[in-house]
Amino acid sequence: MDFFIQQLTNGLTVGGIYALIALGYTMVYGVMKLINFAHGELFTLGAYIGFTLLVTFNFTGLFGTVIGLGFSVILVSCLVAVAGHLLERVAYRPLRHSDRLAAVVSALGASIFLQNAIMLKWGAQRLAYKPNILPNVSVNIFGQPMPFIRILVFLVAVFVMFGLYIFINRTRTGMAIRAAAIDQGAAKLMGIDVSRVIALVFIIGPALGGLAGLMAGLLYGPINFNMGQIYGLKAFTAAIIGGIGNIQGAMVGGLLLGLLESMGAAYISVAWKDGITFMVLIVILVFRPTGLLPERVAEKL
Amino acid sequence: MSFSFKGLLSDRVPLEEGGGKERILPLPLTIAGIAIFFSIPVIFKVTGLSSAMYWLEVLNTVGLYAILALSLNVILGHAGMFNMGHAAFFAVGAYVTAILNLTYGWSILSTLPVAGLAAGLFAAIVAGPIIHLRGDYLLIVTIGIVEIIRISLTNNIFGVTGGPNGLMGIARPTIFGFKIARPQHFFYLIWIVVAITVTLFYWLENSRFGRALKFIKEDPVAAEGIGINTTRYKLMAFVVGAIWAGFAGTLYASRMRTISPGSFNFEESVLLFTIVILGGSGSQKGVLLGSFLIIGLPELFRGFQNSRLLVFGAALVIMMIFRPQGLLPPKPQRYKLPPPWDKMGQNGNSSQAKVSLSKKDD
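Chains A and B supply the protein sequences, listed in that same order.
Heads up: the first sequence is residues 0 to 300, going by numbering that gives the first Met the number 0.
Heads up: the second sequence is residues 0 to 361, going by numbering that gives the first Met the number 0.
Read the hints as simulated data drawn from the structure, not as lab findings.
The following label-pair restraints were derived from C-beta to C-beta distances: (1) A:G142 x B:F157: 37 to 45 Å; (2) A:F158 x B:R322: 39 to 47 Å; (3) B:R207 x A:C77: 51 to 59 Å; (4) B:R322 x A:C77: 29 to 37 Å; (5) B:V220 x A:R99: 16 to 24 Å; (6) B:A180 x A:N57: 55 to 63 Å.
Sample of chain B residues at the chain A side, in silico, Cβ under 7 Å: (7) L132; (8) Y136; (9) I139; (10) V140; (11) V269; (12) T273; (13) L308; (14) V316.
Below 30 Å or equal to it, Euclidean Cα-Cα: the simulated DSS-like pairs (lysine-lysine) are: (15) B:K216 x A:K32; (16) A:K32 x B:K330; (17) A:K32 x B:K213; (18) B:K330 x B:K213.
Please read all numbers here as calculations on a predicted model, not as lab measurements.
Note that beta-carbon positions come from the ideal geometry of N, C-alpha and C, so glycine has one too.
Could you put together the complete structure from these sequences and hints?
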């Protein structure tokens, strides 16, 4: 039972990170029908900028734990958001009206570019967040000692997702995003500036992705210039499982995938962890071809 | 006179394949180009180029990727299915060859059909349930398949794949007692297979099967409506592409002599996908050009080891911005109206134009 609870919290934590990344994929897909393959690299960028701030510049030492960490979170999110915005401007905007496959290849190119840019900037060897950035305390949950960082990551993920949910469903801007996702043409006729919606989506998504990168660094320690690939792939899987384009779906998909993965690794086999993930994906898509929570946007025939 | 006949008849003349294809180069030049290409090893030998072997190896790699990309082109270019897991079928072919050769002592050439069939069978089994998925869902599932294959190979599935280190000591192919071992031998083997592939897929593209795929790609609903069994044709395209990737696996295994799961990963599939789209999805010339550019060109910049991939990524983005349709996109198929009557048709306006065009070509 203890072991089970360990795996449960573990899965929820990593699931929270997947969900944050998946939100970026799903929002971009919802509005542009584009798989942003470079999103995983934005996640990596977040992890590396966080490393520079927290380890190289020692923010928590300079400003104290809470302010230093809060400052890093904000700075990482903003910087990655800027990177995401530039990415959209350079690599995707010129291709908005061309074939979708061209945009996919452009995204792949951008992904390769960013990955190598990060490698050239920070080096090819892995770096590690120092374990003493956050005070090493544990909290008891169900009689189980739980590292504070794990709880923090999960809570931040849930908090951010809740905030996004409110933003998308309760504000005028959120309504514009939803409208652009359903029908860009009609949204334009209603006076919505679709270009601005897309720009906004490319700010929110990368900001969340960068935040996830920082959290992954804090949670696990070592970071690597190509870590974005596997995280990106998993998060994209999560978005698909939830039904791509659907924001709640990405949250559910991310948490579900995190749980599946940690349970699979614990009770079946660590070596087959990623294999299990993809098998579940295939099984889900065979029986529900558009994901668990159906995509909101019907495909035009 | 003839003009009015044409007007009267045009509604009952069926569209028929006229083979009115435009060539980029006139035929003699194309033949000369192919001849020069196939004498590259000889030229290297005569001129005594110091890095000849290296460049032959590069050309061999380009050729292997060309075979793979041409087979992916059937799935992605002709049928329009987003398959980003083509390396999975390649892997099945390579491992079947390696296992049959190492464990059971089969000769490489005799493993070729088995490797192709195994890859095709595997494709039929995995693609069956997912073939109806639309674009992006199919894309992620095929990525999933290639990852599952890689993980299975790494975990030494059935105890025959050698785990993460892979399999070593695969034999060289022997044709009529001649052992193909040196790069120049492989050059001919690989590029002859490329030529066969191009010919076969050209024929396939212009067959009933190819036309059906094109229709399905352009408008699946209309294709279904006219009575094309879209699921069956899509599955066939998948299987044909996979069989060919399996053959490429055999060539790869015997060329490298060592195969390991790392060679069949997601990146490999991405590379193939990029070759097809960048070259011009659906066009064999484009795919060949894409193989040279994506596999061959970076070799010229070996010196800039570190920033090479950075430039490659940026180049992909720029290429797609300026040529989203690919470098050599397929020309729209042209069909010639048959002359109204066997002989009188020569006078018809449009058919006359076509005749003169094809005369110029020959």
